[in-house]
Amino acid sequence: MTDVSPDPVSDREAYLKAQRQRNLFIALGLLGFVVLVFFISMTRMAQGLRHDASVRQAYRSSVAASVDASK
Amino acid sequence: MAAADKKPKKPLRNDAELVSDLARDYAATDRRGLPADYFQLLKPRVMSLVVFTALTGLLIAETGGQPAHMNPFLAFVAILCIALGAGSAGALNMAIEGKTDALMRRTRQRPVAAGRVSQNDAMTFGGVLAFLSVVTMGMALDHWLAAGLLALTIVYYVVFYTMVLKRRTPQNIVIGGAAGAFPPVIGWAAATGQAPWQAWVLFAIIFLWTPPHSWALALYTSEDYANAGIPMMPVARGARHTRLLILLYSLVMVPVGCVPALIGLGGIAYALVSVFGGAWFLYLALRVFLSRAGDHPEGGETSLYDVKKEALAARNLFAFSILYLTALFATLLIEHALKGFHL
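First to last, the sequence lines map onto chains A and B.
Position one of the first sequence corresponds to residue 3 (the working numbering), numbered consecutively onward.
Position one of the second sequence corresponds to residue 1153 (the working numbering), numbered consecutively onward.
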């Protein structure tokens, strides 16, 4: 499974280059995950606000209807 | 005399030698993987089929007879999590199967098998992705059934199929195929929070489709599996028995493929595709049964699709099986999309 390069110095350069690329992609992955969590939170909060507004609206309507009925 | 008895002192190594040794160590640890290698660990081709079937399940999901409405961004997150979950299972599979993959010409260029990514790195990569995909799915959608099914799929594929079944029984692909059949159910659960029987019909189609699809491939790559010591059906029970099983599974799978048209999930287009596509599938399965595919396993360095004449029937069934499943799910997807636009 292991193939040892015949040129160790260039192999080390290849290793360092691969390491830099991996580090960059890990950083981008983490950044992407943070952005994703942020937008998920915003979306869920917006859904919650819309839900609360609709519940309040329904409550007001039912109160108004019961007041009308009692008159 | 005393000076002559002394052993010659080992000379100090210079910087160049030290660098050489270091480089050799780095090479020996196989840690030269590029991001492209890590992407390959996710099995992108398998992932694309998983995404496609999961998207179908998500978009055709109904609750109480009405189409489920889902925030488009959260739908995207659900599909992303399913894709990454499937990818994580692929990475963990490659980490575990590195040595076996190295023995098979179909898989020996995979990153772990070829030594470009170490087993530990592949394992860590897959484990982190699996955890993040399941947790993000659960927290973003608040549908823990979908997250639980995604976790079950990963565990089923990695532990039950890769570690337990694959090397023990020629029925490995039959039982293990369930892992590939879960995505439409996960998609449905992501959209509605439920997994009703209609979703399991989609599961059944993929579950029954997997054996004839995989065995058709195994018929002309059986030598590869034999070399790696994997008891695929043609290796363990012979080509003739495998050809019979392909026909029998196809006879069961094709009618099940038509069921969505009967229960209202699919419309006229789906009925036509499932009936005519199924008929062609059966014809190809019959040709495999009557052929001598797999009787003389392929040897040498031929490519995957460069097969002997006697194995052409198996190759044709393998290729058509992919088209058939894609066509079934694409038709479902298009019909529901058109319904959404009231067309």
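Since the hints were made in silico from the structure, they are not lab data.
Where a beta carbon is used, it is the ideal one built from N, C-alpha and C, also for glycine.
One or more hints might be untrue.
Unchecked claim - Computed from the model, here is a short list of chain A residues facing chain B with C-beta under 10 Å:
hint : residue
1    : Q23
2    : L26
3    : Q49
Status of the hints after comparison with the structure:
With a cut of 10 Å, the hint placing Q23 of chain A at the interface with chain B holds, because the nearest CB-to-CB distance is about 5 Å. Taken as an interface hint, L26 of chain A checks out: its beta carbon lies about 8 Å from the nearest beta carbon of chain B, inside 10 Å. Interface hint at Q49 of chain A: satisfied, since its Cβ lies 7 Å from the closest Cβ of chain B, which is below the 10 Å cut-off.
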